[in-house]
Amino acid sequence: MRGFEPLAWVFQAISGIAMVFLITTHFLLTHSSHDLLSYDSVLYRMTNMEYKIFYALLLIFVTFHAFNGLRAIILDTEGGMRKKGAVNAVIVTAALIAIFYGLYLLSKF
Amino acid sequence: MKFVIRRFKDDKSFWQSFEVPVKKGMTLLDGLFYIRENIDPSLAFRASCRMGICGSCAVKVNGRPRLACETQLSKFKKEIKIEPLDNFRVIRDLVTEFEGFFAKHKKVKPYLIANTDYENPIEQLQTPEELKKYYIFTLCIKCGSCLSVCPSSATLESSLGPAALVSAYRFNADSRDRGKEERLKIVSESFGVWRCHSAMECSEVCPKQIEPAKAIQLLRRETLR
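Chains as they are written, first to last, in my numbering: chain E, 1 to 109; chain F, 1 to 225.
For reference, chain E alone in the conformation it holds in the complex (with noise of 0.2 Å):
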């Protein structure tokens, strides 16, 4: 394996193969009835650690997925293959915030 844009490419489609499932699961959990989307309902699954493990990996993939595509739209640019460097740094630094951020809300509940 040669760097990082192999790895970069094996993990898009995984994460989106991933979030082919985690998504369907989560409309499943959420909008299959209106009483899902009750409080007592988002508490219950927010405190459950099975539920949190499962947002957690939603959480990782999609993030994941969503900033590695957008940096590989900024590298199909002149613009951004010249700043290739700062466009990775950017991202991947932009990418773990998020996915921190959101892993510290769910250990709020």
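In short, the hints are calculated from the structure, not lab data. All the pointers check out, no bait thrown in.
Reference excerpt, derived from the structure (chain E facing chain F, CB under 7 Å, subset only):
id	residue
1	P6
2	W9
3	M81
Glycine residues also receive a C-beta, built at the ideal position from the N, C-alpha and C atoms.
Given chain E, put chain F in place with the hints provided.
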């Protein structure tokens, strides 16, 4: 048949129509020659072999890249729109600049890198099965159609583009070649295989049905090893 041609002169582009009498078996290239010889001698287009081998006459016909010499006019109705290929700088009318395209091609070392003893050369043998692995990719005629529809090449000029990557795969898959690592290093750079987002347009328009997108996926698989 009405030929509507996008012409370029002094950095300005305009559409010009020509009426061409069409006979059975006539190709688009025949039509362009008819215009140049009988109506407007200033019409510029590129052509050489007239038999789909040299790849010089690729133009955009009704929005899709085609080889003018292999495009039968009987396919079309009353009007045909002809433009130069996208993603290439236009020199004049239908003639585009190919230096950048060939420079990209050169970057991937599109030749056999072998441990040849030139003092005592021996035949480099290959089985038909080994040939089969890459044969289809040897058919590329470097017409530039794939690059003209590649979305990544449209936004990023330094992106290698499908044709160069096909060549890289063609030589990497050749059992006689010893330059695989050198080429993989080049194509796995940011401007190589990772700029492809699988739009598959290159495979769709390739006049030789080479499937450049497949070659790119196979190269990716190699770089992941």
